[in-house]
Amino acid sequence: MARLRVGPLERAERRLGYALLAPALLLLLAVVLYPIATLLWTSTQQLHLAQPWLEGFVGLENYARAMDDPRFWSALGVTLIYVGVTVPGAILCGLGLALLANLPFRVKWPVRLGLLLPWALPLVFAGLIFRWFFEYEQGVVNAVLRLFGAAPLRWLSTPDLAFISTSTAIVWKSSSFVALVLLAGLQAIPSSLYEAAAVDGASAWQRFRHVTLPMLRPAIVVALIFRTITAIQTFDIPYAMTGGGPGHSTETLAMYVHRTTIDVLDFGYGSALAALMFLLSLALTSLYIRQTRRDEGTG
Amino acid sequence: MHTSNRIGRRAALAGLAGAAVASSARAQAPVSLRLFTGGQQRPDVMRRILDVFQERNPGIRAEVEVGGATSDQQQQYLNTVLASRDSALDVVLIDVIRPAQWAAARWAEPLDAYLGAERDAIMARYLPAYREANVVGGRVMALPYFADAQFLYFRRDLLAKHQVAPPKTWDELSAGAQKILAAEAAANPSLRGFATAGAPIEGTVCSFLVPLWGMGGALTDAQGKLALDPAQAQRALGLWADLRAKNVTPANLAEIATDRIRVDMQAGNLIFAMQWGYAWNRFQNDADSQVKDRIGVVPLPSFAGGTPATCVGGWQLAVSAFSKNKEAAVKLVRFLSSLEVSKMQAIAASHLPVFPEVYEDAEVLAANPWFRDARPVVLGARARPVTPRYAEVSEAIRTSMNGFLAGTRTADQALADMTQRLTPVLR
Numbered sequence: 089m090a091r092l093r094v095g096p097l098e099r100a101e102r103r104l105g106y107a108l109l110a111p112a113l114l115l116l117l118a119v120v121l122y123p124i125a126t127l128l129w130t131s132t133q134q135l136h137l138a139q140p141w142l143e144g145f146v147g148l149e150n151y152a153r154a155m156d157d158p159r160f161w162s163a164l165g166v167t168l169i170y171v172g173v174t175v176p177g178a179i180l181c182g183l184g185l186a187l188l189a190n191l192p193f194r195v196k197w198p199v200r201l202g203l204l205l206p207w208a209l210p211l212v213f214a215g216l217i218f219r220w221f222f223e224y225e226q227g228v229v230n231a232v233l234r235l236f237g238a239a240p241l242r243w244l245s246t247p248d249l250a251f252i253s254t255s256t257a258i259v260w261k262s263s264s265f266v267a268l269v270l271l272a273g274l275q276a277i278p279s280s281l282y283e284a285a286a287v288d289g290a291s292a293w294q295r296f297r298h299v300t301l302p303m304l305r306p307a308i309v310v311a312l313i314f315r316t317i318t319a320i321q322t323f324d325i326p327y328a329m330t331g332g333g334p335g336h337s338t339e340t341l342a343m344y345v346h347r348t349t350i351d352v353l354d355f356g357y358g359s360a361l362a363a364l365m366f367l368l369s370l371a372l373t374s375l376y377i378r379q380t381r382r383d384e385g386t387g
Numbered sequence: 007m008h009t010s011n012r013i014g015r016r017a018a019l020a021g022l023a024g025a026a027v028a029s030s031a032r033a034q035a036p037v038s039l040r041l042f043t044g045g046q047q048r049p050d051v052m053r054r055i056l057d058v059f060q061e062r063n064p065g066i067r068a069e070v071e072v073g074g075a076t077s078d079q080q081q082q083y084l085n086t087v088l089a090s091r092d093s094a095l096d097v098v099l100i101d102v103i104r105p106a107q108w109a110a111a112r113w114a115e116p117l118d119a120y121l122g123a124e125r126d127a128i129m130a131r132y133l134p135a136y137r138e139a140n141v142v143g144g145r146v147m148a149l150p151y152f153a154d155a156q157f158l159y160f161r162r163d164l165l166a167k168h169q170v171a172p173p174k175t176w177d178e179l180s181a182g183a184q185k186i187l188a189a190e191a192a193a194n195p196s197l198r199g200f201a202t203a204g205a206p207i208e209g210t211v212c213s214f215l216v217p218l219w220g221m222g223g224a225l226t227d228a229q230g231k232l233a234l235d236p237a238q239a240q241r242a243l244g245l246w247a248d249l250r251a252k253n254v255t256p257a258n259l260a261e262i263a264t265d266r267i268r269v270d271m272q273a274g275n276l277i278f279a280m281q282w283g284y285a286w287n288r289f290q291n292d293a294d295s296q297v298k299d300r301i302g303v304v305p306l307p308s309f310a311g312g313t314p315a316t317c318v319g320g321w322q323l324a325v326s327a328f329s330k331n332k333e334a335a336v337k338l339v340r341f342l343s344s345l346e347v348s349k350m351q352a353i354a355a356s357h358l359p360v361f362p363e364v365y366e367d368a369e370v371l372a373a374n375p376w377f378r379d380a381r382p383v384v385l386g387a388r389a390r391p392v393t394p395r396y397a398e399v400s401e402a403i404r405t406s407m408n409g410f411l412a413g414t415r416t417a418d419q420a421l422a423d424m425t426q427r428l429t430p431v432l433r
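Top line first, the protein sequences correspond to chains F and W.
Here our numbering is used: the first residue of the first sequence is 89, the next is one more, and so on.
Here our numbering is used: the first residue of the second sequence is 7, the next is one more, and so on.
Since the hints were made in silico from the structure, they are not lab data.
For every residue, glycine included, the Cβ atom is placed at its ideal position computed from N, Cα and C.
Please note that the accuracy of each hint is not assured.
[What the hints assert, rightly or not] For lysine to any residue, the following SDA-like pairs were computed, each having C-alpha atoms within a straight-line distance of at most 20 Å:
1. W/Lys252 / F/Ala125
2. W/Lys337 / W/Arg53
3. W/Lys252 / F/Trp141
4. W/Lys252 / F/Ala239
5. W/Lys167 / W/Ala193
6. W/Lys349 / W/Asn291
[What the hints assert, rightly or not] Calculated from the model, a selection of chain W residues having no Cβ within reach of chain F, i.e. all distances over 10 Å:
7. Asn63
8. Ala191
9. Ser196
10. Asp248
11. Ser295
12. Arg340
13. Arg378
Chain F with its partners taken away, still in its complex shape:
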C-alpha cells in the first residue's frame, strides 16, 4: 500500500483539500487553541484585579502556590470522590434505564420523554430542585423521615449527607444521558444473537452477561468518557445545593477555580488551577482511550 509517486494532479487536489479545510482549522484555532494558550499564559502571571499594581510575570509561582494550598488538595480530593461515586452511579442507573426503555413497550414516547427530561433540564435548575428536596424544614426527604417518626437530617450542612444529596442529584441528572447513549448501543445489537442464545438454552442473566454486556462495551466506554469529563468539571449542582459547604467540604476544583477568578478576581492563580484541572481531565481520559485502543488491538 506504499504510495510511490504523487502526481501533479493529486498534489493540486491535496492543496485544494487543505484550502477547503483552512476555514474550519482557523475557527478551531480561534475557539480552542487561543483560549487554552491564553489560559496557560495567564497562569504564569500575577494578575489580581484587586491588586493591579502587582501585575507581572511570575513563572510557575502560581503552580507552586497550588501545591502548598490545602484548599486545592481538598478540592481535588472532593472532585475525585465525585468522579469515583457519580460515574459508576450514573453508568449503573443509566444502564438500568436503558434496559427498561429497550423493553418492547407498545407506546414508546412516555419512556423516551422520561429519559430525555432530566438531560434537557439545566444543571442549576436540577440543583435548585434537589436543594428543596433536601431542605431541612420544608424538604420532602425530611417530611418522609418525619412521617416514619425519624428525626430530620441536615442534608445540606452535614459533610457526608451533603455529599450524598449532591451525588444523588448528579446521578439523577447524568443517568439519562448515559441511558441515551446505551439505548442506542442496545438497539444496535442484532436480535439474532439473542435468538441463538435462547436456542442454546441461555438464561436471561446469561444472555445479559454474555451477549448484551460485551456487545454494549463500546457504548459503555463512550458513556464513561463523557461522564468522567463532566464529573471532573462538577460545578453547578453542588454550587446550587450547598455552595461548597459546609465549610469547603463539597467544594470541587471547578468551584474553587470559579471562586478564585470570579469572586476574588485572582485571574493568575485561577488560571493555574484551571490548567491543573485540565491536566486531570487529560490524564483520566487518556487512560480510557488507551484502554479502548488495547481492546481494539486484541479484539
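Following the hints, complete the assembly by docking chain W onto the known chain F.
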C-alpha cells in the same frame, strides 16, 4: 416605476433624518441608562423612584436590571460584566463593603470632577459612616443610596404573652427564647428561637463580627492589619455554640441566608432574628405576612456588662467606568442619593436614611416608628475591614464560620483556618 419608487423612499428617509437632526437640536436625543440592583434591595421601589426621575428629566430613560439575591451573588455577576469592560450597565447599586475593591479595579468612575465645588458640602450632609465608606484614597467612588445596620427583630405578641421583656443581653435572649419555645411548641412545632445568617454568604461575616465586637474584640487594628485575639474570638463563637446547644437556633443554621430569616419570621416561625432594616416593611406590608403589627425592633443585645455592636450595611450608587453616558448617569446618581429619595425609600421600603434629619421626619416615623431609636444604632455601627481584597477576607470568614456553625469544625479549627487565610491578606 420601480426606480422612481426607490428614489421616493430615499427622499422620505432623508426627510426623516433631517427632522431628527432638527428635533435633537431642540431637545437632546433620549439617553437610555441601565441600573443594576439586587433583588433584595426592592427593585419595585427603585422603579417608582426612577419614574419620578424620568418625569423630571424627559431626555433620560432609566431601566432596572435585577440581579442575585445575596450581595456575593450580585458581585459575581458584576465581576464578569466589569472585568470584560462591558458598557451595558451605567449605574450599579453596590454593597457598602465594595467601594475599595471597585476603586482598586478601576470599575467606578470617580465622581469628584462631576460634583465640583459642591463636593465637600454634599458629602458633609451624609451620616459619617457613609461619607467614609464612599471616599477611597481621597476620591468619591460612589454616593450612598440607603443606610443599614443589623437590629434585633422580635415577636412583640409572643414576648408580651409570656411576659418576656425585649432582651438587652444575649443571656436574656436565650432565656426568653427557651421560655417561649417551651410554652409554644405544642401550638407551633415549626417555631424557632433565634436566627442569624449562617450560610456561606456575606451576611455570615457579620454573624462572626457582631459577637466579636461585642466582646470588645476587633478583626483588624487601625492600620488594617489582622489583630484577632484567638481567646476573645473563641468566646465570641461560644455565643452561637451556646444558643445551638440550647436549641434556640434552628438546627440548620449553617444553611440559612439573610432573606430566609425574613421569610421564616414572616411566616410566624421565628421569635428573634438578627436582621437588616429592610425586613420591617415586608413584615408590615407583604400580603402573606403573618406577623403584621406583631414585630418589634430594638438594638442588638450585648454581652452582660458589654456594649451592643452591629455591622454597617447599606447600598451605594456607583457610576460604571465603562458607561457611555456618564453625564446622565451622574445626574441619576445625584438624584438617587438625595434627601428626597432617602425619605421616599424610608417610607416605601423601610430603608434606613443616609441623612440624619430624615430619621426625625414625621411621615418617615409614621411608617417606621422604630426609626426613632435606629439613628444611634446606625451611628454606632462598625465597618467591616476596608481593603481592595475584601472578597478574600469575606470568603475566609464566611466559609470558616459556615463550617463552625454546621458543627463540622470546632471553634478552634475554624479560627485557625480563618487566621491562616486572613494573615497574608490583612497585613
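Going through the hints against the structure:
Pair hint W/Lys252 plus F/Ala125 does not hold up; C-alpha atoms about 56 Å apart against a cutoff of 20 Å. The suggested pairing of W/Lys337 with W/Arg53 holds, with an alpha-carbon distance near 16 Å, which does not exceed 20 Å. For the hint linking W/Lys252 to F/Trp141, the alpha-carbon distance of about 50 Å lies beyond 20 Å, and the restraint is violated. As the CA atoms of W/Lys252 and F/Ala239 are separated by approximately 17 Å, the hinted pair is consistent with the 20 Å bound.
The suggested pairing of W/Lys167 with W/Ala193 holds, with an alpha-carbon distance near 14 Å, which does not exceed 20 Å. Between W/Lys349 and W/Asn291 the CA atoms are separated by roughly 18 Å; this keeps the pair inside 20 Å, and the hint holds. Every C-beta of chain F lies more than 10 Å from that of W/Asn63, the closest at about 34 Å, which supports listing it as non-interface. For W/Ala191, the condition that its CB be more than 10 Å from all CB atoms of chain F holds, with the nearest at approximately 15 Å.
With a minimum CB-CB distance of about 7 Å to chain F, W/Ser196 fails to clear the 10 Å threshold, and the non-interface call is violated. With a cut of 10 Å on Cβ distances, W/Asp248 stays outside the contact zone with chain F, its closest approach being about 19 Å. Against the 10 Å criterion, W/Ser295 stays outside the reach of chain F, whose nearest CB is about 18 Å from its own CB. For W/Arg340, the shortest C-beta to C-beta distance to chain F comes to about 28 Å, beyond the 10 Å cut-off, and the non-interface label holds.
The non-interface label for W/Arg378 is consistent with chain F: the shortest C-beta to C-beta separation is roughly 35 Å, beyond 10 Å.
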